[in-house]
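Colleague: Going letter by letter, the sequence shown gives residues 1 to 323 in UniProt numbering.
Simulated from the structure, these hints should not be mistaken for lab results.
Treat the hints with caution; some may be incorrect.
[To be verified] FRET-style restraints, in silico, Cβ to Cβ:
1) 77 x 284: 45 to 55 Å
2) 209 x 230: 40 to 50 Å
3) 78 x 275: 32 to 42 Å
4) 276 x 71: 40 to 50 Å
5) 115 x 284: 35 to 45 Å
6) 280 x 77: 37 to 47 Å
7) 206 x 274: 20 to 30 Å
8) 262 x 231: 15 to 25 Å
9) 270 x 145: 46 to 56 Å
For each residue, glycine too, the CB sits at the ideal point set by N, CA and C.
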Amino acid sequence: MVSLSTTPVLLRQDLSSLLSVTPAMARLLPLAVLASPLLPGAMAWGSMGHAAVAYIATNFVAPETKSYMQQLLGDTSDDYLASVSSWADSYRYTTEGAFTSTFHYIDALDDPPASCGVDFDRDCGPTGCIVSALANYTTRMLTPSLSLEQRQIAAKMVIHFTGDIGQPLHCENLELGGNGIAVEFAGASTNLHAAWDTNIPQSISGGSGLAVAKTWAANLSTEISAGDFKSAAKCWTQGLSLADPQDMALQWATESNAFVCTVVLPEGRAGVEGLDISGAYTTSAQPTVSMQIAKQGYRIGQVVGCHCRRDCLNPGEAVCMSG
């Protein structure tokens, strides 16, 4: 397993959405500048998307799991998961947390749309990646000998990275996970990564903020319980094993990466670069975004449930459909 280095490294993801910083400039900015409070923190799925993922998880945990996680996180409100869902994004901008900047993604060196795929040995760099980080913090969350603070941090990381890994461009190397692919959304300049993080999710939810996230999560939870996702959800936790969290995370990354070829860049970068993608492209992408938000929220609920019970799920005999 890749060692999770404590050496600060430059940030990779979402840099082009910071003020007017271009992708080329982002590669050159020192960490001290990127950590400046003048720069807003851009987040995978956006803070609203991460909160929606967390609220979905909240809707699918057993009462004993809810009590355990509320105690672990020191929050007895119903927002106990949502309130920490973007903590890891803030932490990476601090001096103390700078070493975690590469933990939010894995650079799949594939060739979309011709071929997609994740190879852990090839794609997870020496400072770690989302697959190794999710595995490491899952293990740390399960380690009772660690201090309460260390297990709290681990839980916050697991909640966040389980959301991150569902965003296809967090499992892709091309142009810094799409940060270097300039697009427009409803006439405003942005980049493909930022559009998938924020614009497309908000086009579904109708806005931002915790209240919007909670409503969207409630709607998606209904789809999981009794709607379009009911059959698929039975298969979303196949392979969930706290005994081998790295394999689990690699499966999730590979699954997300496949959407880069089929949904994110089906016509290659030429199909989106310099274009306004707020119309037909977004309409085509919305079902995948909704499914990934729902899926990762449901998975968080099962991961923390397994943690609370100190076991893992039995995948049973279900036959999984694609997605």
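Colleague: Which of the listed hints are broken here?
Modeller: 1, 2 and 5
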